[in-house]
Structure formats: C-alpha cells, structure tokens
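Trainee: Based on these hints, arrange chain F on the given structure of chain R.
2 protein chains.
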Amino acid sequence: MTPKQKSEGQSLAALLAPDILELLETSPEAVAAETEELHPADLADVAEAMPRESLPAFLAALPSERAGAVLEYLDEEIRTELLEQMTPEQAAPLVAQMTPDERADVLEEVDEETADDILEAIPEPTRRETERLLEFEPESAGGLMTTEVVSVLETETVELALAQVRAIARGKRREAMNTIYAVNAGGELCGVLSLRELLAAPEGARIHDVAWGDVRHVVATADREVVARMTTEYDLVAVPVVDDKGRLLGAVTVDDVIDAIQEEQTEDVQKLGGMEALDDPYMQTSFLALLKKRAGWLSVLFVGAMLTESAMSYFDNELQRAAVLTLFVPLIIGSGGNSGSQATSLIIRSLALGEAKLSDWWRVAIRELSSGLSLGSILGALGAMRVLLWQALHGKGIHLGPLQIGNDYGEHYGLVAATVGLTLVGVVTFGTLTGSMLPFLLRRLGFDPASASAPFVATLVDVTGLVIYFTVALFILSGTLL
Amino acid sequence: MTPKQKSEGQSLAALLAPDILELLETSPEAVAAETEELHPADLADVAEAMPRESLPAFLAALPSERAGAVLEYLDEEIRTELLEQMTPEQAAPLVAQMTPDERADVLEEVDEETADDILEAIPEPTRRETERLLEFEPESAGGLMTTEVVSVLETETVELALAQVRAIARGKRREAMNTIYAVNAGGELCGVLSLRELLAAPEGARIHDVAWGDVRHVVATADREVVARMTTEYDLVAVPVVDDKGRLLGAVTVDDVIDAIQEEQTEDVQKLGGMEALDDPYMQTSFLALLKKRAGWLSVLFVGAMLTESAMSYFDNELQRAAVLTLFVPLIIGSGGNSGSQATSLIIRSLALGEAKLSDWWRVAIRELSSGLSLGSILGALGAMRVLLWQALHGKGIHLGPLQIGNDYGEHYGLVAATVGLTLVGVVTFGTLTGSMLPFLLRRLGFDPASASAPFVATLVDVTGLVIYFTVALFILSGTLL
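The listed protein sequences correspond, in order, to chains R and F.
Quick note on the numbering used here: the first sequence kicks off at 1 and runs consecutively.
Quick note on the numbering used here: the second sequence kicks off at 1 and runs consecutively.
It is possible that some hints are incorrect.
For identical chains, the list gives no copy identity; a pair is met inside one copy or between any two copies.
Here are the simulated SDA-like cross-link-like pairs (lysine to any residue), alpha carbons at most 25 angstroms apart as the crow flies [as the list claims (entries may be wrong)]:
1) Lys-357 with Ile-258
2) Lys-357 with Ser-140
3) Lys-293 with Glu-355
4) Lys-357 with Ala-277
5) Lys-357 with Glu-267
6) Lys-396 with Glu-318
7) Lys-245 with Thr-126
8) Lys-357 with Pro-281
9) Lys-396 with Asn-317
10) Lys-357 with Glu-77
11) Lys-292 with Ser-374
12) Lys-292 with Ile-78
13) Lys-292 with Leu-278
14) Lys-292 with Met-385
15) Lys-293 with Ile-366
16) Lys-357 with Leu-291
No wet-lab data here; the hints were simulated from the structure.
Isolated chain R, as found in the complex:
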C-alpha cells in the first residue's frame, strides 16, 4: 500500500469532479448517463472532491440505487454530515437503497433524532428489517450481517431453485448471491451450496441431494472475531448467521470480515502503543478525543513509574557511595524495556492469530526464559566490554564532538563491569519473561492481551530493573565500593 497508489487513485477521480459539477448546473439529467461506467467507490471519490453543498444535488441526479451505493463508499464523516443536513424525505429513499447491513451502520453513525426521522420515512418492510438489524451489537455477527441472502427449501428441485436464483439476480442485487442456503420448512439452516455447484448439479436432483449438510455458521450474538476466525480457517466468502433456534437470519460477507479484521488490528496496534483504541481513523479524530485516549494510560503509567523515584531514594546510600552506578541506570532500564517490548509484541500477535493458546503458557515461559537468558548474556557481554574498553581508553584524549571517548570508573572498574554485565542478564531475562507472560495473564483474567502494551511492560521493568541493579551491586561491590 504505497501512498502513491492511493493518491493516484484519488486524484484520478477528483479530476472528474469539475466536469460533473458543470454538467450538474447545465444539464443535471445527463449526469447519470455520463457516470454510468464508474464503480460506486470511484463515484464516491468524485463526490468527496466536490464542495459539500453540491452533494445533495449530485446524489439527486443519480438513480436512487446508484446514489445508495455511493453512500456506502462515502467517507463516514462526510456521509454523516450530509444525512444530517438533508430532509428525512430526501435521505430516506437513498438510505433504503443501501444494502441492509450498511443501512443499519449508517443509521448508527448519525445522531439519534436524524436516524429516527429517516427510519420513519423508509417504507415497510425495509423499515422493519432495518429496525431488527439495529437491535444487534455493532461488533456482533448480527450487527455485521446482511439479510439479503438467497435461501431455497431443501426439498425443492435444482431446476426450480435455479429459476428462482435467476429471478432474484435480475431483480435487486444481493451481496451474498454466490452462496445458496438450504432451509427446512421451519426456516432452520440445513445445507449450503455455491452457485457453481447449483449450476453443475444433475437435472432432476433435489437441493438436499446436492447441498453440503455440515454448514459452518455463527449465532447472531457471536463476536466479530469468531466470524473472522471462521472465514480465514475455511476460506469462506460468506458466513451464515442463525438465531438461537438455528433459523437462518442472514450472512456476513467477506468484505465486512476484512473491514472487521483491519479494525481489530488497528485497535491492537494502538493498545500495544500504550493508549486506548480510537473510535475513528487518526486523521478524523478530534484533537480533544485524541488527547483523552492518550492522557489516561500515560498518566496511569506515569504514576506507576513514580515508584522508580522511590526505588532510587531507597538505594540513596548506595548511590552516594558508588556514584559510578548512576551512569548506567538509563542503559540498564532501557534494555529491560526493549526486550520486554519484543516479547510482548510477539506473544500478543501470536495469541490474536490463535497460534498460541492460553494452555501454551508454560511452553512459552520456558522458551522465553531461555531467550531472555541468551539475549541478556549478549547484552551483558556488550555492557561489560564497554566498561572495560572505556576504562582502557581513559585519558587518551579521544573526543567525538562534545563527548569524551573513555572514562574512569575507579580502581574497582572490573567489579563495575561485572555488576553491569550481570545486571543486564537479570534485567533482560526479567523483561523478556514479563513481556511474554503478561498477555497470557491478561487473557486469563478476561482482559484484552493487547493491553499488555510496550509502555506498560517497560514501566513494570523499569522499577524491577532498579531493584535488580542495586541488589547485584550490593552483592558484587560489598566490601569495595559499597
């Protein structure tokens, strides 16, 4: 997804906007024919490039089915503003033409009063259908599903079913058209077949002879993550949704599953960065909303991090007697934070994809303990070498800008090197283990593992890292510096 790709696509559609605006003034009746070949997504790009006040006239110049499709692709913010400005009588015919799932989504975006007014102006049975969809949680299977699915009775013949499908295909567009669901007389989902399987079925056969009996489905209350998992595991293009009695209600199509996957991923990345997930895209979030989502966690972590001051005070005696220890504090706690950040990202993603399960925690713990010890040994060796090297270079007068290469760590520099090296082994091991186990713990307690953010782990490790540092120092330097 290079930005070039995206901006090229936008400018291409934007180029058409002035021509269409002119046409809209001179002969609005020609707009529909002129834009006939454009994909609704591109038409939406054209609309976004227009001045906002021309939008109602533009949509009015299109056949209402096309205008409804454009609404589906329109930028959320622009769409909400547009619908709130239009009269319910203008808005309702367009909204009624949207696919049922998008229609419900749109009505959830606008303010409640506008939504009620538009709903009231939508004719039955579309209104009732929309009201039913609005009852589901937006992030549940019911909230994502479209009700425009093709279902046939399992006892029907293939020929009759095919004729029915052709009739539906000539009428309204149906999103989940490529999959045909078989139901029994009670409306219960009992089979599935693809349009191509229906085409390939022998003449005279009945639906229950050719449909697959074992249908993968979800209940309407299932979380969107369950729908996403099922889609990716079985390579589905639509997941049928049933009520608690097994009756077919609709289906979630793959395009909505992809949107759900992207949204979940965005939430995970934002949580991993140490903030609350945003409700809207970054560029469309208001400054105050953005601040609120960030300040909360940042303040909580800050108050937690105040414990580092307490730890430093607790070891004040040691710090005063062995001031050289101070120099390595940022290096040591930073390394703990970095190794924790690696581990937590690895495990959060692994849990999100279902590669690692809760029961794998001890396998992961053993693995990360070994990883931590190995990584800690590498950094510990580098750290000790740096002390010895700087001591050896001390007094040679080598400078790099304002910085002096080499330093004097005193007569016990060897013990200082050992302290730094050994501390790094401990801190990196602790950071790695904490970073990897925290996501498991959070999931076990019913929280989102992604809340084990890099800053959360870093803060935890900062405090503990100081305690490890001074404990090691007391052990090694006792009798010399301490």
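Mentor: Chain F alone, transformed into the frame defined by chain R:
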C-alpha cells in the same frame, strides 16, 4: 477469537483421529466414504492429530483430489516434513491436485531438491503452469494468484458462455469461479461480470454487451499490499492479474488477500516491538531463528543506548553537585519513551491503512506538537505535584512496605519541582514529535515505517531526554544547587 473457540474446533476433529486410524488398519478402503462429509480444513485437523508416520497411508486412502485439498490446509511444518519423506511418485499426484497457487507455495516451502523431484513427476501441462508461477516473487500478485480463472471471449453469446461455465463447473473446481473475465482475441483483459450477472443477462446478448468495461486489475509484479488495497477499496472477491501487455494471467482470490493482510500485520507488530519480522509463526520458529531475529535489533539499540552513559558522564559535575536530580532520571526518560511509543503506533497504523499520506506530515507534525505539549503539561504537573507532596509528607514517618512515603529534596525543593515539571513538558513533547515524525521519515527514505519501533523511539528519546533534563536543570538551578 477466543482461544476456547479454537481449541474446541481442534479437539472435535482430534476426537475422530483414533477411529480413522483404526479404520486405516482394518479396512483402508472405507476411509474415503467415512470422511466424505468433512471439510478439508477439518480433515487436515484430523491428520494433524495423527502420529506422523500414519499420514502417508491416510492421504493414500483418500481420493487424490481430496488428499490435495487436505494438503492445502495442513500445518506448514507437518506438510513440509511429509513431502520431504514421501517419494516424488507418491507426492506428485497429490501436489498436482492442489490449486495452482497453493501448489507453487508448497514447492517453495520444501527443500530445492525435493521440489525439483516432485515437479519432474508432475505431468504436463500442470508442470509448466507451476514452473511459470514459481518464477514470480512469493509476495507479488503473480506469486499469490491462481491460474484457474474462467475467461470467455467478449464476442461470445451469453448462452454459449453459460454452457461453457456449466461445463467447467462440472469438471475441476475453480477457485475464482464466481467471476467471469472477458478477453479479446489477443487474450487481453477487457471486461468482467459476476456469475450472477451472467445468469441475469438477457438471452441473445453478447458478453461485451453485458460485461463491465472498466476492470480493476493489477500487473503480476505488483506488491501484495497493492492487491490488498484494491480488494478492500472495491469490495472485490478476486483481483485479476495481467502481464505487462494487459493479457489475463490469473486472479488473486480474497482468501489469499486476507492471509496477506494478516501476514503484513504480523510483520508490522513484530517490527513495532523492535525486532525483525519472523518468517514463520512464533510457535513454529526454532529457538535459534527466534534469537537471531531479536538479538540484532536489541544489540544495535543497546549500542545506541550507550550514549546515555556518555550523556550522564558529560553531566557528571552537575550530578555530583545536585545528587537529587539522579532520583528522577528513570521517571523522566521513561515518560519520554511512553509518549513516543503512543505516537509511533498511531502513525504507523495510519500510514499502513493509507489514512495518512506522506504529504500529510506537516499536518500531523502540528497536531502532535500540540498533543505533546498538552500531554507533557499533564505529566509535568503530576511530576511537580509529586515532588511538592513528598516534601510535605517528609518526616511524617508514613511507610508503604519497605518504601517511605515522603522525601527531603532539600531547601530548594520548589526549584527541583519546577525542573522536573518543565523537563517533562520538554521530554514528552520531544518524544511525541519524534515518535510521529520518524515513520514519515523512514517511508520517505524508502524504508518500512514500522521499523520506527517503540524501542527505537524510546532509545532515541532516552539520550535526548537526558540532555533536555540537564539543560533545564542548569537553567533553573544555576546559582542555587548548580
């Protein structure tokens, strides 16, 4: 994606494994009929629950088309091991039955010698087709596409095309079957229509009358991110792939697009955590491979973080004269790192989704500068209040475990509070700005923005944070403590 969901699914299939193993020994010819109703993904779960040595016999007991489909869903590690153990004559018929894109993927996973042997045992023209697919980069449109698409001549009648499609549907399964591509005599892609549009077309019409002329397509060398972007933007179930002359080569189906999106996301999260992206899932990556991917960045960052020791040494004089400053070092640099981590996650995700573009950098910079100043003011106020509060509580003898509540920061404690507060404003603003601008800079330089990992930003901010701290201290404490 609760882990319960996943483990339930696995254990369900695993429950069948012993029965099927027994059947395999007593009457292997009955295995095919017994497992007929299972989805290949579930059959793969059964296979994964079996002892490895029974796998060849199990696959041999299935019709080769089914066995090929099971291979497609089988765990990558088990599949590679299996194919490398089988003779080329055993493996080739199964591999030949896989969809062309999966077949090419599988041959890229096994070692080169095995791949060559299996390829040689695959009959023409399947072999030539596979060799052609293997020439594309695995992460390009060509590497992801299947060649099994349905194409018809644009001059054909709808009836002839439908008869052709029915014939194909009765024969081999075609992945991208729901979309029909129209080509001209030269093989160039010139139209597209869905199976349902073909069904709904008026009798006697020709394909070019009913197909959509403006086909969204990609060239075979396009990156998988371009394919993903196009799929999500236009809600496609397949994206046609053409060569540099516009001739139809195949199509990337939506299930492979979802896989590509998930893989990209995993890479981004791992990079964001401060490591190289893994080639395989975490649980399947060997300990040494894991260590290699982590040790590199961790060591580079560690060497960079050594600059904190240099900075501390540079301000050694100030540290000795005003030892109280030492106490706040971890708190201050930690806050800079946390705010940087928030900003970098936000911007990396925003760039990955194409919400923010390279040209938006200055808008983001202004926004993040304001965010940084606001967040810094909040933390600065909290920090200064903590100093004043602890000074007030000093000597009251309040203890929390081993920690004393309250501390004596000396007679100039007011100035210390001001130093800590002002430094936090500076450090958090700098962290936020660095975290948000680094991804833009990396993209501008042609690198992956996700390399602006949380640890990278934290390390950058640690060093600068110390310089900010001591500069502010020199300014405020000059004449009193310094």
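Trainee: Run every hint past the structure and note whether it holds.
Mentor: Structure-based check of all given hints:
{"no.": "1", "hint": "Lys-357 with Ile-258", "in the structure": "both (23 angstroms within a copy, 22 angstroms between copies)"}
{"no.": "2", "hint": "Lys-357 with Ser-140", "in the structure": "within (23 angstroms within a copy, 31 angstroms between copies)"}
{"no.": "3", "hint": "Lys-293 with Glu-355", "in the structure": "between (30 angstroms within a copy, 19 angstroms between copies)"}
{"no.": "4", "hint": "Lys-357 with Ala-277", "in the structure": "both (24 angstroms within a copy, 21 angstroms between copies)"}
{"no.": "5", "hint": "Lys-357 with Glu-267", "in the structure": "both (20 angstroms within a copy, 20 angstroms between copies)"}
{"no.": "6", "hint": "Lys-396 with Glu-318", "in the structure": "between (30 angstroms within a copy, 24 angstroms between copies)"}
{"no.": "7", "hint": "Lys-245 with Thr-126", "in the structure": "within (24 angstroms within a copy, 47 angstroms between copies)"}
{"no.": "8", "hint": "Lys-357 with Pro-281", "in the structure": "between (30 angstroms within a copy, 13 angstroms between copies)"}
{"no.": "9", "hint": "Lys-396 with Asn-317", "in the structure": "between (32 angstroms within a copy, 20 angstroms between copies)"}
{"no.": "10", "hint": "Lys-357 with Glu-77", "in the structure": "between (39 angstroms within a copy, 18 angstroms between copies)"}
{"no.": "11", "hint": "Lys-292 with Ser-374", "in the structure": "between (40 angstroms within a copy, 11 angstroms between copies)"}
{"no.": "12", "hint": "Lys-292 with Ile-78", "in the structure": "within (23 angstroms within a copy, 48 angstroms between copies)"}
{"no.": "13", "hint": "Lys-292 with Leu-278", "in the structure": "within (10 angstroms within a copy, 34 angstroms between copies)"}
{"no.": "14", "hint": "Lys-292 with Met-385", "in the structure": "between (45 angstroms within a copy, 21 angstroms between copies)"}
{"no.": "15", "hint": "Lys-293 with Ile-366", "in the structure": "between (35 angstroms within a copy, 18 angstroms between copies)"}
{"no.": "16", "hint": "Lys-357 with Leu-291", "in the structure": "between (34 angstroms within a copy, 22 angstroms between copies)"}
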